[in-house]
Amino acid sequence: MSGRVLVGVKRVIDYAVKIRVKPDNSGVVTDGVKHSMNPFCEIAVEEAVKLKEKKLIKEVVAVSCGPQQSQETIRTALAMGADRGIHVEVAGKDYETLGPLQVSKIMAALAKKEEAQLVILGKQAIDDDCNQTGQMTAALLDWPQGTFASEVSLDGDKVKVVREIDGGLETIKISTPAVLTADLRLNTPRYATLPNIMKAKKKKIANVKPADLGVDLTSRLEVLRVDEPPQRQAGVKVETVEDLVGKLKETGRI
Amino acid sequence: MAGIFQRTVRLRAALRHLCPHSTLTCAARPSPADSPFLACGSGQFVASTRKLHAEPKSSPAAAPERLPFSRVTEEDLAYFRKILPGRTITDPDLVESSNVDWLRTVKGSSEVLLRPQTTEEVSQILRYCNSRNLAVNPQGGNTGLVGGSVPVYDEIILSTSLMNNILTFDNISGILTCQAGCVLENLSLYLEERDFIMPLDLGAKGSCQIGGNVATNAGGLRLLRYGSLHGTVLGLEVVLADGRVLDCLATLRKDNTGYDLKQLFIGSEGTLGVITAVSILCPRKPKSVNVVFLGCETFEQLLKTFQLCRGMLGEILSAFEFLDSECMRLLNTHLKLPNPISDCPFYIVIETSGSDPEHDSQKLHNFLEEAMTSTLVTDGTVATEESKIKALWSMRERVTEALTHDGFTYKYDISLPVERIYQLVTDMRQHLGDRAKSVVGYGHVGDGNLHLNITSPAKDPALLAAIEPFVYEWTAGCQGSISAEHGLGLKKRNYIYYSKPSQAVALMGNIKAMLDPKGILNPYKTLPDNLK
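Residue numbers (the UniProt record's numbering), protein chains in the order written: chain A, 1 to 254; chain B, 1 to 532.
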């Protein structure tokens with residue numbers, strides 16, 4: 001086995017930022033807004049780096065699909081301990097319509113090219129909440145998948161995955177190469193320490209175009225409209241119990 | 001030697017004011033070679049505790065006897081209910097929480113909580129109370145740490161909580177005017193949407209109100225960059241003790257027409273007037289904020305890092321805070337917050353705020369590279385993302401909270417020459433030995449402000465006797481301030497002489513007598529008992 005792990009990292013609007021819908025309802029405001037690595041992708045990177053530290057795998061490659069700024073996200077992964085990065089350039093209209101189907105085609109192509117033993121992704125992105133990329137990637141590669149992983153252990157050429165499911169926890173054993181998606185409780189991502197941040201500046205990020213991988217980015221989806229959730233109406237304060245009963249009757253509640 | 005003589009004279013004066021009938025022997029205690037304080041000790045006045053006013057009266061921090069103010073009558077309540085319908089609270093359950101401070105160490109017995117909405121209502125209340133000789137305790141967010149925000153006896157609580165309107169904001173000059181009851185965090189959110197920020201920020205932001213901030217001259221995390229409220233407040237509207245409304249709510253950056261009265265009220269802790277509106281100058285929201293969390297082996301290296309930081313980050317530096325390994329232990333144990341880096345004796349939180357992310361990250365990169373190669377810093381991490389920034393800041397901002405879980409806390413907020421800051425913590429640890437549970441130091445090292453905290457499993461009079469006046473004498477020995485930003489309130493009013501000469505305090509008394517002849521505004525606080 002190559003001992004190489006591919007980790008997908010997505011650049012999303014930072015989860016602490018207040019999201020605002022564009023006035024024309026075509027999407028959310030992204031200009032000038034703080035972005036950072038998707039939290040589930042951070043967990044995926046952490047897991048890969050942990051496997052490398054345990055000497056169970058040899059190399060961690062961080063991949064991101066997007067415009068120039070995606071390189072910052074890759075740098076964060078490098079600072080956490082990834083060895084090198086691959087930036088798949090997708091910009092403009094293509095980036096606006098980039099979704100799980102296109103990304104999974106890219107990941108599958110890279111996984112084959114890099115002869116990856118494992119592909120680890122976050123279970124979903126916090127901007128679109130799709131929860132599809134990992135599953136689609138596995139299907140395109142015809143590889144087994146361990147999704148919603150809260151525990152991962154390598155055992156020779158097999159992987160034991162404890163999955164978080166509605167009924168509780170499910171443990172499965174799958175053979176490699178495989179695709180895993182990280183859930184919240186898999187680990188706590190480390191802070192990138194200064195020595196690693198300095199080292200990361202010198203690590204390589206390769207530039208690749210989707211066409212080079214033979215991937216067609218056309219989307220079959222069209223976003224019609226984006227709206228904010230309905231505003232919560234303020235409550236009404238009443239002075240007495242009689243008032244309360246009166247108001248409830250007024251609004252037809254009783 | 002003249003310097004030591006002056007210090008001795010001041011110390012003797014301080015101690016005389018604290019306890020006029022104690023006999024003092026001035027024997028020099030053997031002290032470490034480099035701390036020039038002279039210890040004058042007497043067992044008598046330090047023997048008592050410093051908590052609720054039910055305790056023995058001889059402690060300088062305990063409340064004095066109740067002054068002969070009138071007591072609230074049904075007639076008074078009828079008047080208040082007439083001018084504040086539905087906002088005159090007498091239900092004991094509702095008044096209860098306003099009678100106790102945030103630290104839960106002082107409790108009053110007020111039976112009336114008033115909630116005006118306008119300056120006119122505040123004026124009517126004070127005019128009435130002044131004529132009836134009723135004492136009043138102005139209260140904002142009740143987050144103060146020196147017992148200044150709650151009644152001592154049955155003072156009427158005048159809450160500004162319902163005076164929470166923003167009046168105007170000029171987005172060219174950045175000048176904001178608002179009522180005194182606006183919560184600091186709400187003002188921040190309002191401004192951030194308009195690309196500005198408040199010039200001050202503190203851990204209590206979710207509860208504290210701007211009127212209270214101004215009345216206590218709150219410092220906080222951004223003072224290093226934006227200065228104190230004495231500089232950023234441009235105008236105030238204040239209601240005086242007799243109900244007169246003083247309208248100095250100018251929104252001018254420059255105005256040299258006569259004495260600058262607002263400066264009197266900033267930091268007056270509600271004893272000279274009730275602030276009802278504030279106009280404040282707000283800085284632009286920085287486009288690029290970075291937070292760095294560093295670890296140092298020694299305090300000397302920490303100070304050298306500060307110098308390096310000032311030199312290489314200078315104009316973008318917006319905060320420089322420190323905490324020690326004991327603080328980290330409390331954060332790990334009580335709040336389950338993990339250490340972002342490896343264990344070190346000292347930690348620094350540095351924040352930079354600038355207008356260009358690329359320039360700032362280049363400056364930061366250069367600084368960090370230098371700090372690491374010169375081994376001033378042994379470990380660290382950087383955050384640019386909002387969520388990570390919040391996480392790193394909470395390591396510093398939540399130390400106060402972690403301490404409340406460790407036991408009964410004795411809090412000291414001291415200003416010292418920057419290079420002496422940690423010496424006090426080390427000396428205190430040595431002095432207390434294992435009488436204390438934890439002794440921690442943290443604070444705004446960039447401003448020379450130490451927060452020294454000591455905990456014990458329960459309130460311990462013997463421990464308190466060991467801590468005070470040791471800590472105040474040590475501070476006076478370096479000509480520091482015994483209350484850098486927390487103010488005097490109830491708990492520290494009698495220690496004022498450790499940091500101010502008697503002439504100055506006497507003049508403060510004159511001003512108080514002039515503005516509040518009946519002494520109804522926040523009595524028993526800020527000024528020492530011996531002035532009355």
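Possibly wrong hints are sitting among the right ones.
Unchecked claim - The list that follows gives simulated cross-link-like pairs (lysine-lysine, PhoX-like), each with its CA atoms no further than 20 angstroms apart:
#, chain 1, residue 1, chain 2, residue 2
1, A, K160, A, K54
2, A, K34, A, K52
3, B, K287, B, K336
4, A, K209, A, K199
5, A, K52, A, K160
6, A, K34, B, K336
7, A, K199, B, K363
8, B, K287, A, K18
9, A, K34, A, K50
10, A, K201, B, K459
11, A, K34, B, K304
12, A, K58, A, K209
13, A, K58, A, K202
14, B, K390, B, K411
15, A, K105, A, K22
16, B, K107, A, K18
17, A, K58, A, K93
18, A, K202, B, K363
19, A, K247, A, K105
20, B, K390, B, K107
21, B, K82, B, K107
22, A, K34, B, K390
23, A, K247, A, K113
24, A, K93, A, K113
25, A, K160, A, K173
26, A, K209, A, K50
27, A, K18, B, K285
Quick caveat, the hints were computed from the structure, so don't treat them as lab data.
To see whether the hints hold, each was checked on the structure:
1. This hinted pair checks out: K160/A and K54/A have alpha carbons roughly 16 angstroms apart, not beyond 20 angstroms.
2. Under the criterion of a C-alpha separation no larger than 20 angstroms, the hint pairing K34/A with K52/A is inconsistent with the structure, at around 31 angstroms.
3. Under the criterion of a C-alpha separation no larger than 20 angstroms, the hint pairing K287/B with K336/B is inconsistent with the structure, at around 32 angstroms.
4. Taking the CA atoms of K209/A and K199/A, the gap is near 26 angstroms; set against the 20 angstroms cutoff, the hint is violated.
5. Distance check on the hinted pair: K52/A and K160/A sit about 17 angstroms apart at the alpha-carbon level, within 20 angstroms; holds.
6. For the suggested pair K34/A and K336/B, the alpha carbons sit about 27 angstroms apart, so the restraint of at most 20 angstroms is broken.
7. Distance check on the hinted pair: K199/A and K363/B sit about 17 angstroms apart at the alpha-carbon level, within 20 angstroms; holds.
8. With a C-alpha separation of about 16 angstroms, the suggested pairing of K287/B with K18/A holds against the 20 angstroms cut-off.
9. Between the alpha carbons of K34/A and K50/A the distance comes to roughly 28 angstroms, so the proposed pair goes past 20 angstroms and is violated.
10. Note on K201/A and K459/B: the hinted pairing is violated, with a Cα-Cα distance of about 53 angstroms set against a maximum of 20 angstroms.
11. With a C-alpha separation of about 32 angstroms, the suggested pair K34/A and K304/B falls outside the 20 angstroms cut-off, and the hint is violated.
12. At roughly 26 angstroms between alpha-carbon atoms, K58/A and K209/A are farther apart than 20 angstroms, so this suggested pair is violated.
13. Under the criterion of a C-alpha separation no larger than 20 angstroms, the hint pairing K58/A with K202/A is consistent with the structure, at around 19 angstroms.
14. With a C-alpha separation of about 25 angstroms, the suggested pairing of K390/B with K411/B is violated against the 20 angstroms cut-off.
15. Of the supplied pair hints, the one linking K105/A and K22/A is violated, its CA atoms being roughly 30 angstroms apart against a limit of 20 angstroms.
16. For the hint linking K107/B to K18/A, the alpha-carbon distance of about 39 angstroms lies beyond 20 angstroms, and the restraint is violated.
17. The hinted pair formed by K58/A and K93/A fails the criterion: a straight-line CA distance of about 37 angstroms is larger than 20 angstroms.
18. Between the alpha carbons of K202/A and K363/B the distance comes to roughly 18 angstroms, so the proposed pair stays at or under 20 angstroms and holds.
19. For the suggested pair K247/A and K105/A, the alpha carbons sit about 58 angstroms apart, so the restraint of at most 20 angstroms is broken.
20. Simply put, K390/B and K107/B have alpha-carbon atoms about 33 angstroms apart, too far for the 20 angstroms limit, and the pair is violated.
21. The straight-line distance between the Cα atoms of K82/B and K107/B is roughly 28 angstroms, outside the 20 angstroms bound, and the hint therefore fails.
22. Between K34/A and K390/B the alpha-carbon distance is near 13 angstroms, which keeps this suggested pair within the 20 angstroms criterion.
23. Distance restraint check for K247/A and K113/A: the Cα-Cα separation of roughly 68 angstroms exceeds the 20 angstroms cut-off, and the hinted pair is therefore not satisfied.
24. Restraint check: the Cα-Cα separation between K93/A and K113/A comes to about 26 angstroms, which exceeds 20 angstroms; the hinted pair is violated.
25. For the suggested pair K160/A and K173/A, the alpha carbons sit about 4 angstroms apart, so the restraint of at most 20 angstroms is met.
26. In summary, the hint linking K209/A to K50/A is not supported, as the alpha carbons are separated by about 30 angstroms, beyond the 20 angstroms threshold.
27. Distance hint between K18/A and K285/B is fulfilled; the C-alpha atoms sit about 15 angstroms from each other, no more than 20 angstroms.
Violated hints, in rising order: 2, 3, 4, 6, 9, 10, 11, 12, 14, 15, 16, 17, 19, 20, 21, 23, 24, 26; the structure is consistent with all others.
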